[in-house]
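As a plain string of letters, each chain reads:
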Amino acid sequence: MFAYILRRLWQMLPTMAGVVVLVFVLFNWVGGDPAYLLAGKMADAAAIENIRRQLGTDQPYYVQLWIFVQQIVTFDFGNAWSTGEPVSHIIASRLGPSLTVLIPLTVLETVFGIALALGIAFVRGSLTDRAIMVACTVGMSISILVYIIVFQYVFAYQWGLFPVQGWGNSLGENLLRYALLPIIIGLAVSIAPTLRLYRSFVLDEASQDYVRTARAKGLGERRIVWVHVLRNAAIPIITHVMASLPALLIGAFLLERFFGIPGIGREVILAVERSDFPVIKAITVYVAAATMVFNLLADLLYQAVDPRVQLR
Amino acid sequence: MTHMHLHSPSLWTLAWRRLRADRVAMAALAVVAGFLLLVLLSGTGLVAGDWEDEVAVNYAPPSFVGADAAARALAQAQLPRATPSNAFDPLAAELAGLKAQVAATHPPVEKRTTLLFGADKWGHDIVKKTIKGGETSIVVGLVSALLAVTLGTLFGAVSGFYGGWVDDLFNWFYSIFTSIPAILMILTVAAVLQQKGVTTIVLILGLTGWTGPYRLMRAEYIKHAAREYVMAANAIGASGWARMFGHILPNVSHVALVQMSILVVGFIKAEVILSFLGFGVPVGTVSWGSMLNEAQNELILGKWWQLAAAASAMALLVTSFSLFADALRDALDPKIK
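If you read the protein sequences in the order shown, they are chains Z and A.
Using the numbering used here, read the first sequence as starting at 1186 and increasing by one per residue.
Using the numbering used here, read the second sequence as starting at 534 and increasing by one per residue.
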């Protein structure tokens, strides 16, 4: 097991190196000279030269790349260009609000998704099943923007059930007051694709031999679905949840932007608007690293769920 | 059996037969074709070319709602009328001449108080605006999906056909691009390119979206490269490129087509979000995303029609397109045969 983890981590190195080079090429080569961006409209040659020296862009590319690698390893990306706030502090302080929304959202989405998918498995092929699938297709085709705009307008602005936007200081206040509506909207948006996906996982299992065996030995349909099928359908479900977690950190950017939640996603949007390269670079590299680590965690979880899986 | 079939029906004939038997798919195809026709007509200027004319008063409500008092008052206030003459104006004679000229070429019309589906902030017709916005969004979706599938097919073909270090290299690229979440990749490229424009969005979406088609096309090429017909082509001296794109590609192109129809849906949604955030189409170009951006503020004033028009047009297109893509995949999937 330990050897397996070590080898997987070792295999991540070339990919990680690729991500670092890709981000470096994008920002240091395609993105042009940031000194002109920073110096503003009324810049003289001396000021631009000064900024270049501070950023290290007057050095050859291999030196700049080495500086970037050092920044990644030491978690020290310097200060954000727009606000002067240390980038490491930005990431650390924006993670909490993001997770306050994302963890309840992911848990609820997975639980509802599994429960509904297994429920539908009882009535597969019926009119109810087909009606729900059509509703899912229609629900998925409406833009997330429309969900957010309409829900925020109706529930928060017109009916006053939730605050329109804002964020407090204590976890309890944030979770129970400010994060509620974003979580509900997130659920409304994600339940349709999740249900469609989980239904296909469950139906793949429902036609297997072991299900027929279980029926033949006289088990109730309820026990077959909730115990036997669920355990086997759990593997693709775990992959899906784990693989989508890091992407969700960014994917919730629309929710965070509309509701004024100071999370990672909103920070990325702000950084893109302000051309704040250090912030985007740091977030991209760390989210890529998180994606790889979560893929490894998913593989480790398989073994916990399914003893037949041998990690080598 | 007296008569032998000399021609067995091709994959495409079979798929079309299966597709035609599926009523939902045909209805979806009709809707998609309708949208594409609108795009064509609006692209050539036959329809909605005059969407920028301010034909109605600001925020004129839809005609099925009926004009409200505010719209009528606004229409009265915006009636063209003579300005009181100023005896001290040294340019009075010239101005009068110019005004007469303008009045001759552009006769003053009373602005309408209602429109079929209402008007926006400037009095543009929402129906025409939605058609024009749809043109931008659909063209971006189609072209960027074409770019992504072309890249994915090219990389997948080379990677799966040659294998070895070429395959390793492209797999490395693939693992790099998939370890960065798609939306973050899109925003990162948007931050670097720093210029708005339809071409920029197409490049962003196309250059970041090739991974899905690549994976599938590579698997197809690995499978086909070892088949007998490819070996036969090799034996008669067909070059690598000829075998890849002359012999194998026609046999795997249905995978690319299905991928493309799936990507179009995703890219239309992505374009709407990018334009909404202001990283997409430039000012002056209308798309469903920029319409939603305006509609967000209008909703607080109670003007819901622009939101309803853009949202329902997009929902209708995306629903039909995904239903059609699903049916196309079922019809072309060799496993079902």
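Possibly wrong hints are sitting among the right ones.
With a straight-line cut-off of 25 Å between C-alpha atoms, the simulated SDA-like cross-links for lysine to any residue are [stated by the list, open to error]: (1) LYS654/A <-> VAL1215/Z; (2) LYS729/A <-> VAL1215/Z; (3) LYS729/A <-> PHE1336/Z; (4) LYS654/A <-> SER1267/Z; (5) LYS836/A <-> SER1267/Z; (6) LYS836/A <-> ARG1459/Z; (7) LYS836/A <-> VAL1396/Z; (8) LYS729/A <-> SER1267/Z; (9) LYS756/A <-> ALA1224/Z; (10) LYS729/A <-> LEU1223/Z; (11) LYS729/A <-> LEU1211/Z.
Residues from chain A that keep clear of chain Z, each with C-beta distances beyond 10 Å, as calculated [to be verified]: (12) ALA723; (13) PHE809; (14) ILE833; (15) ASP863.
What the hints contain is simulated information worked out from the structure, not anything from laboratory work.
Here a beta-carbon is modelled for each residue, glycine too, at the ideal position from N, C-alpha and C.
Checklist line | Hint numbers not upheld by this structure, sorted from lowest to highest | finding: 1, 3, 4, 5, 6, 7, 9, 12, 13 and 14
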